[in-house]
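Student: Sequence:
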Amino acid sequence: MGAKQTRDGNYTRRDSFSHGSQSSSSPHHARSSSISERTREVHSRYKIIGDNYSSLDQVTRALYESGLESSNLIVGIDFTKSNEWTGRESFNGRCLHHSGEGLNPYEHAISIIGRTLSAFDEDNLIPCFGFGDVSTHDQDVFSFYPDNRPCNGFEEALSRYKEIVPNVRLAGPTSFAPIIETAIGIVDQRGGQYHVLLIIADGQVTRSVDTGVGQLSPQEQNTINAIVKASEYPLSIILVGVGDGPWDMMREFDDNIPARAFDNIQFVNFTEIMSRNVPLAQKETDFALAALMEIPLQYRATLELQLLGNQRGHSTMVPLPPPSRILRSQSSHLSLSRSSSYSHNFSSSYPPSPPPSESSSYRRCPVCFWNKRDLALGCGHQTCHDCGNDLSWCPICRTEITTRIRLYD
1 MGAKQTRDGN
11 YTRRDSFSHG
21 SQSSSSPHHA
31 RSSSISERTR
41 EVHSRYKIIG
51 DNYSSLDQVT
61 RALYESGLES
71 SNLIVGIDFT
81 KSNEWTGRES
91 FNGRCLHHSG
101 EGLNPYEHAI
111 SIIGRTLSAF
121 DEDNLIPCFG
131 FGDVSTHDQD
141 VFSFYPDNRP
151 CNGFEEALSR
161 YKEIVPNVRL
171 AGPTSFAPII
181 ETAIGIVDQR
191 GGQYHVLLII
201 ADGQVTRSVD
211 TGVGQLSPQE
221 QNTINAIVKA
231 SEYPLSIILV
241 GVGDGPWDMM
251 REFDDNIPAR
261 AFDNIQFVNF
271 TEIMSRNVPL
281 AQKETDFALA
291 ALMEIPLQYR
301 ATLELQLLGN
311 QRGHSTMVPL
321 PPPSRILRSQ
331 SSHLSLSRSS
341 SYSHNFSSSY
351 PPSPPPSESS
361 SYRRCPVCFW
371 NKRDLALGCG
381 HQTCHDCGND
391 LSWCPICRTE
401 ITTRIRLYD
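To convert, note that position 397 of the sequence shown is 397 in our numbering; the numbers rise steadily by one, no gaps.
Source of the hints: derived by calculation from the structure; they are not laboratory data.
None of the hints are false.
Below, simulated DMTMM-like cross-link-like pairs (lysine to aspartate or glutamate); rule was C-alpha separation at most 25 angstroms, straight line:
#, residue 1, residue 2
1, 229, 248
2, 372, 386
3, 283, 121
Here the structure is a predicted model, which is why all the values come from computation and not from measurement.
Based on the sequences and whatever the hints tell you, model everything.
Tutor: Written out as structure tokens, the structure is:
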């Protein structure tokens, strides 16, 4: 459907459709040519979907007119280490996950999209996941609940997020591939129902200094592959950027991946919209409009490409349970009063880590890329003490951790 997979698993553009070795005069070839022409026409029509509406009412009306009766929301939250400093300008120097009296950018975005799409969500169940922390890195996602159950409405999603945030160890690297693969599995499990994946993140997919000009990092390539794969399913992706950016690669994901069956992703700069000098209600409306602008045509594309209602038996990525610190925190809260000092300690936001000197960069933890390595694992690899205590498997060789030895200078 507009892309082919190379031997190494990467997607490249497919500019023509093979019809096999059938004779050009055979009826089968004529039917195949006709089908291919229609398929190419649909692909061309939805290759780039523009922003065609000027009000949220227009978008809502277009969703109804396109026949959308049910839309299921999936939420993915970025828990990478960069959240600690990418709020320097846009969030008063605080970690973007800081939980205080008002809503942080993640909470605000979930609230607006959740309220807007709730009219189209029949069961109001929202699967919610985190990625990029010390337990998932760029390989997995964790579910908000141990039994992988969804949240009941965006209100519970926000409430559960507040419970999780103080107990998550921010890490990295950043890749959107695991959360997109997880969403694909949910769509397939539900018999090809239409879904909207909301990814909220603070900036770029990881690109190391060793990545050459014109080349893609492994995280970038995996993300692009996942986006192309997702275009074969009735799945729209809303990518919301919070914090200070940069946003270059997010815009590339939105506009410049030609191999997709249809333009399945919309990038929205939350920070830019919320910094406008207009009333808050207008900002929220503008954000919802920008986020949902392309969904009517994306849904129509899934209809014309006959993606709805198909169950393909996609091998599902199994989400990890919430990080162990969250489970331990919940267990402890059952036996401690709310007024205890324990509760007070875990209500604070992440304090920024002191930046290490450049000369000690080789000593940085391979998990968070920030703290120094001061914990040796049984396999011989090293991490920082904070990250290593939360790991069950070595992040480098993936062997089970049975021994931890604290290192001192």
